[in-house]
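Enquirer: Given next are the chains, with one letter for each unit.
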Amino acid sequence: MVEVAAQPPVLSRKRKLPSLMRALRLPEKDPLALIGVTIYVVFLLVALFADFLAKDPLEILFLDDGNLAANLGPSLEFPLGTTNLGRDIFSQLVIGTRSAFMVGLTAALAVVALGTLVGLVSGYFGGLVDAALMRLADIALGIPFLPFVIVLAAFLGPQTQNVVIAITVLLWPNTARVIRSQVLTLRERGFVEAARVAGSSDWRIIRVHIAPNILPLSLLYGSIAIGWAILTEASVSFLGFGPSGSVSWGGMLQDAYASQALSRGSYNWFIPPGLCIVLVVVAGFFISRGYEEVLFPKLKD
Amino acid sequence: MRSVAIRFGQMLLVLWAVATLLFFLFRLMPGDPTAAYIDTTFTAEQQEALKKQFGLDRSLPEQYALYFGNVLRGEFGTSFRSKRPVFEMIFEVLPNTLALTALSITIAYIFGVLVGAWLAWKRGSIAEAVGIPIVLTLRAAPEFWLGMVLLAIFAFGLGWFPSGGANSAGADYGSTLARMTSADFLHHLILPSMTLALYLQGLPLLLMRSNMLDVLQEDYVMMARMKGLPEWRILLMHAARNALLPVVTAFALGLGASVGGNVVVETVFSWPGLGRVLVDAVASSDYPLAQGAFMFIALILIVMNFVADLLYSVLDPRVAHG
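Quick note, the sequences are listed as chains R and H, same order. My numbering puts the first residue of the first sequence at 1, with every later residue one more than the last. My numbering puts the first residue of the second sequence at 1, with every later residue one more than the last.
Please keep in mind that the hints were generated in silico from the structure rather than gathered at the bench. Yeah, the Cβ is synthetic: ideal placement off N, Cα and C, and Gly gets one too. Errors might be hidden in some of the hints.
[Unchecked claim] Listed next, with one range per pair, are the computed distances between beta-carbon atoms:
#  : chain 1 : residue 1 : chain 2 : residue 2 : range
1  : R       : L117      : H       : H187      : 45 to 53 Å
2  : R       : A258      : H       : E92       : 20 to 28 Å
3  : H       : E92       : R       : G265      : 31 to 39 Å
4  : H       : L98       : R       : G190      : 48 to 56 Å
5  : R       : L44       : H       : A65       : 48 to 56 Å
6  : H       : L13       : R       : W203      : 25 to 33 Å
7  : H       : L72       : R       : V197      : 52 to 60 Å
8  : R       : A195      : H       : L13       : 30 to 38 Å
9  : R       : L117      : H       : F68       : 31 to 39 Å
10 : R       : S201      : H       : R73       : 52 to 60 Å
[Stated by the list, open to error] Which chain H residues face chain R? A few, computed with CB under 7 Å, are given here:
#  : residue
11 : V14
12 : A17
13 : T137
14 : P142
15 : F144
16 : M148
17 : F156
18 : V264
19 : F294
All chains, please: the whole structure from these sequences, using the hints.
Expert: This is the structure we're talking about:
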């Protein structure tokens with residue numbers, strides 16, 4: 001995954017980002033991938049230091065004259081204005097970064113871990129195991145995505161982990177199928193054959209010889225899955241089945257929509273959360289394109 | 001022919017599995033399992049009749065058998081809120097969803113194919129350097145947020161379009177066809193379908209572009225160049241035809257997925273469709289209606305997955321024999 005915290009601290013500031021990209025096996029010269037990694041780093045820093053940047057996002061604010069500070073435009077005190085209940089929009093936006101990353105990273109990790117495991121087992125062992133797992137993938141792909149997440153969130157309770165579970169249950173097949181077909185070709189390669197002749201066990205061959213070769217492919221699907229997970233969580237929150245009590249970008253948009261922010265023209269309320277979602281999701285797309293150029297270099301010329 | 005039969009069998013397997021999942025999913029929900037079909041506001045006789053129809057007084061395996069019998073006959077029970085048959089309610093909104101989906105996906109794919117082919121032709125130019133990030137950004141935008149922005153600008157700000165619904169209140173049309181061909185309906189349809197089209201165009205565009213890049217390196221394109229054919233002719237008659245194949249498959253897949261994905265757009269625009277029915281039903285614990293709507297969305301998705309599979313082998317015979 002995007003283990004940004006793992007960067008070595010000794011490097012000079014200028015070289016940090018390229019070295020981070022090398023660590024992620026991304027092409028350093030790809031401007032889009034560079035933009036993507038930069039966006040992730042910035043949002044991650046915001047999420048980490050949210051407490052210093054934001055006030056209490058749910059505090060109801062009053063003006064000096066004692067009136068409710070409702071529907072204010074942007075000002076020095078409230079950089080993005082306030083909601084109809086007198087809450088600071090900027091603080092909500094900053095705190096919302098956390099739930100976006102929580103959902104995005106955990107769901108992507110779960111999707112890629114499950115998808116990679118199934119793809120490895122299915123592709124390497126083949127036969128009945130493969131057939132059973134691939135039928136299971138067909139079934140998961142036959143379930144309508146958003147309706148399933150909504151129903152599960154409504155029945156199991158609107159906690160974040162239920163949204164993550166629903167996303168994981170439905171999104172693993174895409175990763176699994178691609179990993180599987182990659183494993184099918186790797187299995188026939190000389191170095192795997194050599195390991196087998198030398199007496200390596202199946203699990204050792206998978207771990208030492210096959211898994212490292214599909215790592216970039218897993219990262220590719222992981223960087224896309226982060227975006228899907230954040231988009232899905234936002235949609236679920238917007239439809240009113242999201243976690244109550246916590247502040248998220250999707251929840252902010254639902255709040256704005258339900259409070260007539262559109263007809264009032266409170267662009268300062270509903271534009272920023274949407275833009276943040278776009279930025280984080282598109283960062284994943286940019287990074288995944290970087291991986292594509294690593295994995296399928298023929299498109300480069 | 002044999003592969004078609006196998007694929008059809010696989011489709012039936014998936015349909016069965018999803019219906020089974022739904023059976024258990026709707027016994028997961030909070031409260032008594034009979035709550036899936038019977039609301040406390042029903043009269044005693046109504047409750048008895050429904051219990052019998054869905055076998056709620058019997059064991060789980062018997063209920064399961066009865067459930068399948070009912071699903072196959074299109075019997076989904078009675079809505080808690082409106083007290084009307086679920087089947088009837090779904091068929092009432094289905095045309096709205098299909099109209100919205102068909103229009104938006106058609107616009108998206110025509111636009112995507114044309115611009116995708118053009119961007120492939122312009123490989124390495126400024127158009128590509130600017131175009132690709134824009135397309136990716138639009139694809140990253142949540143549909144409901146795009147809808148909110150369009151609503152705020154064009155409905156509330158400029159007042160060009162209505163802010164929701166499929167028809168103006170109070171208007172009465174003789175038939176569904178008369179209603180759906182009225183200028184009023186089209187006026188209501190424009191903003192939601194634009195929202196969906198903006199979201200959907202990215203996939204065909206990027207797919208068409210990368211296919212074109214592949215195809216343009218094939219020998220027969222080189223042959224056409226050596227024959228001295230004009231560039232536009234090579235592009236349209238030789239390259240685009242083959243690059244289109246995977247896009248056609250994606251169209252079928254997208255059509256199936258979009259019916260379920262419409263959920264958010266229909267909610268933003270208060271569009272009376274299948275997705276909004278599902279959301280409202282789940283939110284108000286109207287279980288029979290939610291179950292019926294889910295089943296229909298799944299059915300459309302699974303059938304379109306099957307159609308896409310077939311199309312792919314019909315259009316590209318290498319797949320069928322490989």
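Enquirer: So does E92 (chain H) sit 31 to 39 Å from G265 (chain R), Cβ to Cβ?
Expert: Holds, since E92 (chain H) and G265 (chain R) (Cβ atoms, about 35 Å apart) stay within the stated range.
Enquirer: Please verify that hint: M148 (chain H), Cβ, nearest Cβ of chain R, below 7 Å or not.
Expert: Holds, because the Cβ-Cβ distance from M148 (chain H) to chain R comes to roughly 6 Å (cut-off 7 Å).
Enquirer: Assuming the hint says 48 to 56 Å, is it satisfied by the Cβ distance from L44 (chain R) to A65 (chain H) or not?
Expert: About 53 Å separates the Cβ atoms of L44 (chain R) and A65 (chain H), which means 48 to 56 Å holds.
Enquirer: Taking the CB of A195 (chain R) and the CB of L13 (chain H), does the distance hold inside 30 to 38 Å?
Expert: holds (37 Å)
Enquirer: Per the hint of 31 to 39 Å, is the separation of the Cβ atoms of L117 (chain R) and F68 (chain H) within bounds?
Expert: For L117 (chain R) and F68 (chain H) the Cβ distance comes to about 33 Å; the hint holds.
Enquirer: Do the numbers back the hint for A17 (chain H), that is, is its least Cβ distance to chain R under 7 Å?
Expert: holds (4 Å)
Enquirer: Using the beta carbons of L13 (chain H) and W203 (chain R), state whether their distance is inside 25 to 33 Å or not.
Expert: holds (31 Å)
Enquirer: Take the C-beta atom of L117 (chain R) and the C-beta atom of H187 (chain H), compute their distance, and say whether it sits inside 45 to 53 Å.
Expert: holds (51 Å)
Enquirer: Have a go at the F294 (chain H) hint: is there a Cβ in chain R nearer than 7 Å to its own Cβ?
Expert: holds (5 Å)
Enquirer: Can you verify the interface hint for V14 (chain H): is its Cβ closer than 7 Å to any Cβ in chain R?
Expert: At 4 Å from the nearest chain R Cβ, V14 (chain H) passes the 7 Å test, so the hint holds.
Enquirer: Answer holds if the nearest beta-carbon of chain R is closer than 7 Å to that of F156 (chain H); otherwise answer violated.
Expert: holds (5 Å)
Enquirer: Take the shortest C-beta to C-beta distance between P142 (chain H) and chain R; is it under 7 Å?
Expert: Given a least distance of 5 Å, the restraint on P142 (chain H) holds.
Violated hints are absent here; each numbered hint is respected by the structure.
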